[in-house]
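Undergrad: Starting from the given sequences, assemble the full structure and let the hints guide the process.
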Amino acid sequence: MSEVKSATTPLFEPLTDDAIARMATAEPRLREVMTILLRHIHDAVREAYVTEQEWALAIEFLTQTGKMCDGNRQEFILLSDVLGISMLIDAINHGADGGASESTVLGPFYAGLQPISPIGSSILKRREPGELMVMEGGIADCDGSPLAGALIEVWQTAPNGLYDVQDPAQPQGHLRATFQTDESGAYRFETVTPVSYAIPDDGPVGRLLDQMGRHPNRPSHIHFMITAPGYRRLVTHLFIAGDPYLHSDAVFGVKESLIVTPVEDDEGRRVVRYDFKLAKDG
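Sequential numbering of the sequence shown, starting at 283, is according to my numbering.
It should be emphasised that the hints constitute simulated quantities derived from the structure, not laboratory data.
Treat the numbers as computed from the prediction; the structure is a model and nothing was measured.
Glycine is no exception: its CB is placed at the ideal position from the N, C-alpha and C atoms.
Do not rely on the hints blindly, as some may be mistaken.
What follows is a set of in silico ranges between Cβ atoms, one per label pair, in the way DEER data are often shown [said to hold, decoys possible]: (1) L344 <-> D425: 26 to 32 Å; (2) E336 <-> G412: 41 to 47 Å; (3) K349 <-> G564: 50 to 56 Å; (4) R311 <-> D484: 34 to 40 Å; (5) L344 <-> Q462: 19 to 25 Å; (6) A303 <-> A340: 35 to 41 Å.
TA: Right, here's the structure in full:
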């Protein structure tokens with residue numbers, strides 16, 4: 283990298299103004315966003331005195347990022363996550379949900395709606411070596427009224443740190459399921475205690491993390507997506523207390539309210555109870 287210099291006056295400022303002016307007939311919201319984006323990108327290029335070789339490397343990085351994307355892997359979502367952009371957008375869109383449970387990133391491994399399973403059933407489609415755990419709780423609105431019939435989609439990695447869509451040895455739909463709350467808004471399912479794992483680091487995003495001196499690890503967690511008619515969709519995780527990566531999550535997704543501690547019940551099982559609240563739509 284070349285030495286970064288400070289620009290006292292904008293270089294080639296008419297170019298930026300011209301690029302913005304040419305969008306005069308664009309759709310208003312597109313014009314608004316692209317105007318802000320162009321100004322910031324042009325200013326960043328000026329401030330860093332980006333060389334032709336450096337810009338070529340940036341374009342090659344984006345090209346390789348696109349080539350890593352397929353039906354089971356979305357490298358651009360991964361890039362957005364590790365740069366903190368996904369969590370910033372989450373904060374902008376869910377910062378005023380008035381008492382609702384906190385949200386976090388969707389992540390790149392959501393695989394679509396699964397068949398609805400009976401309350402209390404297991405999300406495992408094969409035996410796993412990890413410690414079994416029960417997840418249970420209730421879904422309500424912000425006033426505490428239970429939401430019957432809410433859909434709860436859950437997914438997590440196996441103890442080997444891989445999701446089913448990453449691991450051909452796992453049965454399709456392993457450790458992911460959909461449940462529907464009962465008349466009291468309750469949910470319950472059985473799973474295996476999640477483990478911390480590394481995000482895919484064999485591609486351009488992984489190389490970028492390494493070059494920035496960062497690790498690729500995420501703390502142990504279970505994903506939740508909860509929907510109910512008339513309420514805002516909640517996308518979130520529950521993180522297991524004590525994980526060594528809680529304060530250095532590679533995608534910045536941890537929030538204190540989402541950290542849970544399993545407790546042992548009378549039958550010796552690990553149990554996590556967590557009640558979710560949904561904000562009304564609009």
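Undergrad: Indicate, hint by hint, whether the structure satisfies it.
TA: Tested hints:
In this structure the supplied range 26 to 32 Å is violated for L344 paired with D425, their Cβ-Cβ distance being about 46 Å. For the hinted restraint 41 to 47 Å between E336 and G412, the CB-CB distance of approximately 45 Å keeps it satisfied. As the Cβ distance of K349 to G564 is approximately 40 Å, the hint placing it in 50 to 56 Å is violated. Evaluation of the 34 to 40 Å hint for R311 and D484 yields a pass: the beta carbon distance comes to about 37 Å.
Take L344 and Q462: their Cβ atoms lie about 41 Å apart, and the range 19 to 25 Å is violated. Taking the beta carbon of each, A303 and A340 are about 26 Å apart, not inside 35 to 41 Å as hinted.
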